[in-house]
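S.K.: Model the full structure from these sequences, guided by the hints.
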Amino acid sequence: MYKKNTTSIIGIIITILILILIVIFSNMKEENKSFLEGTMSKIVMPIQNGLTYLKNKLAGNDSFFENLDSIKQENEELKKKNSELEESLRELEIIKSENEVLKEYMKMTEKYAEYSTVPANVINKDTSNYSYTIVINVGSNNGIQSNMAVISENGLVGYVLSVTDTTAKVQTIIDPASSVSANISTTRDTIVCRGILENTNKIRATYIPTEANLVIGDSIETSGMGGIYPKGIHIGTITEIKNTKNPIDRYALVETAVDFSKLETVLVVTMQNT
Amino acid sequence: MKKIAVTICIFILFLILYFLQANFFTWFNIAGVKPNLFILLALTLGLFVGRGYATAMGCIMGLLLDIFIGRTLGVYSIMLGFMGYIGGQLEKKFSKDSKITIILMIGICTFLYEIGIYIINAAVLGIDLEIFAFLKINCIEIFYNIILTIILYPLIKRGGYYIQDIFRGNKILTRYF
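Those protein sequences? They're chains B and S, same order as listed. Heads up: the first sequence begins at 16 in our numbering, then just goes up one per residue. Heads up: the second sequence begins at 19 in our numbering, then just goes up one per residue.
Calculated from the structure, these hints are not laboratory results. Just so we're clear, the structure is a prediction, and the values are computed from it rather than from any experiment. A portion of the hints provided could be inaccurate.
Every beta carbon over 12 Å from chain B, so not counted as near; a handful from chain S, in silico [as the list claims (entries may be wrong)]:
{"id": "1", "residue": "M19"}
{"id": "2", "residue": "L38"}
{"id": "3", "residue": "F112"}
{"id": "4", "residue": "T119"}
{"id": "5", "residue": "I149"}
{"id": "6", "residue": "N156"}
{"id": "7", "residue": "P172"}
Below, a sample of chain S positions facing chain B; criterion: calculated Cβ distance under 7 Å [said to hold, decoys possible]:
{"id": "8", "residue": "Q39"}
{"id": "9", "residue": "T44"}
{"id": "10", "residue": "I87"}
{"id": "11", "residue": "E159"}
All residues carry an ideal CB built from backbone N, CA and C; glycine is no exception.
M.R.: See below:
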């Protein structure tokens, strides 16, 4: 009975592995395929060389192998050079990624020059499917306080819920508990944007004035009311308008400017420069 | 001494699960929905160790979650403690040797846990209830939890009986004889 169970488990595991391998191979990019070919040839080549050597020996034409020692030496030197080059390439890649992060910070700081900001990295995300808070790596030691607005290069991220000495918890605008007072950039009508469960890229614009003329593609920005978010920070664009029987209940879906699934660097607005 | 060591191991396991939830499962998800491994842990403790210990551990682990990422202090604590309590109660009525029973328990407990958290948060934070969206996410989460339970069942059983021996020793037999 035990043996039967073990065999069936092994069978399932092998089947899953084969399936995964088939999926990976069938979806593999060309460059990865050539890497695999290289690996395979590394395994096959010694055997093939040995067989060729034997064949040549038997046929009496083994002159090719006379220079084998010098070729081996040359090969060793080339390998050494190659590893040196690979190391410098790795260093360059590290510098490149650091440079990209710094550039992003610079771009953000320039864009929001009117605000005093503190740059931060996202170090943790929510574990739940029903709330969207993040943790950033700056805290009260860096001058961060509760209720400070958090922005990114593309637009509004949320606000600081609570702080420790070195970290801060941020409630994002896509969190269902979040509501942001906003303006439609073209008509200047004031609306309220709330996070929804259904979609993590969209928020719901509610309390739309009955006389307001909504257009898909309209930009939404913070109104500055409420005391948390400074005025004029881009939130997103209207992608869908849902009209209801009662015009008071109509709402629009706003696609957030920030891609929260890829959010890594943010700025905490500590104060507005005058 | 062994009990303390096991408790420390459970906390380490909790931290590992936390990092899995916060990192790995943010991209290894089903339609954007993550599983909830904390329910599995609290329920396992209830089933194998007992109601009191599981409730206490659930409350402490929940409190840590509240501190790490929660918005209202105590919500995760109450619900994870409740999961531990339910695990302890279910242990008296059902056999933990049946995979189907464990799967059903996980499914039902996931539903209860998430509905509890959602309702408390909605009441405290004034969130608009989105019943359809909530049920959709919850169904996927239940499915994901069940899949993980099927995969992890041999581990749960082995680990569970190991800690049961440490915490209960020969007390278990007295229940049956």
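S.K.: Hint by hint, note whether the structure agrees.
M.R.: Going down the list of hints, with the structure as the test:
Every CB of chain B lies more than 12 Å from the CB of M19 (chain S), the least distance being 32 Å, so the non-interface label holds. A Cβ of chain B approaches the Cβ of L38 (chain S) within 12 Å, the least distance being about 9 Å, so the stated non-interface status is violated. The beta carbon of F112 (chain S) is kept farther than 12 Å from every beta carbon of chain B, the shortest such distance being approximately 22 Å. No Cβ of chain B approaches the Cβ of T119 (chain S) within 12 Å, the least distance being about 18 Å, so the stated non-interface status holds.
Remark: the non-interface label on I149 (chain S) conflicts with the geometry, its nearest Cβ contact in chain B lying 10 Å away (cut-off 12 Å). Annotated as non-interface, N156 (chain S) brings its C-beta within 12 Å of a C-beta of chain B; the closest such distance is 8 Å. Separation of P172 (chain S) from chain B is inadequate, the least Cβ-Cβ distance of about 8 Å not exceeding the 12 Å criterion. With a cut of 7 Å, the hint placing Q39 (chain S) at the interface with chain B holds, because the nearest CB-to-CB distance is about 4 Å.
Satisfaction of the interface hint for T44 (chain S) is found here, the shortest Cβ-Cβ separation to chain B being roughly 6 Å, below the 7 Å cut-off. Satisfaction of the interface hint for I87 (chain S) is found here, the shortest Cβ-Cβ separation to chain B being roughly 5 Å, below the 7 Å cut-off. Interface restraint check: E159 (chain S) against chain B, minimum CB-CB distance 6 Å, threshold 7 Å, status holds.
Of the numbered hints listed earlier, those contradicted by the structure are 2, 5, 6, 7.
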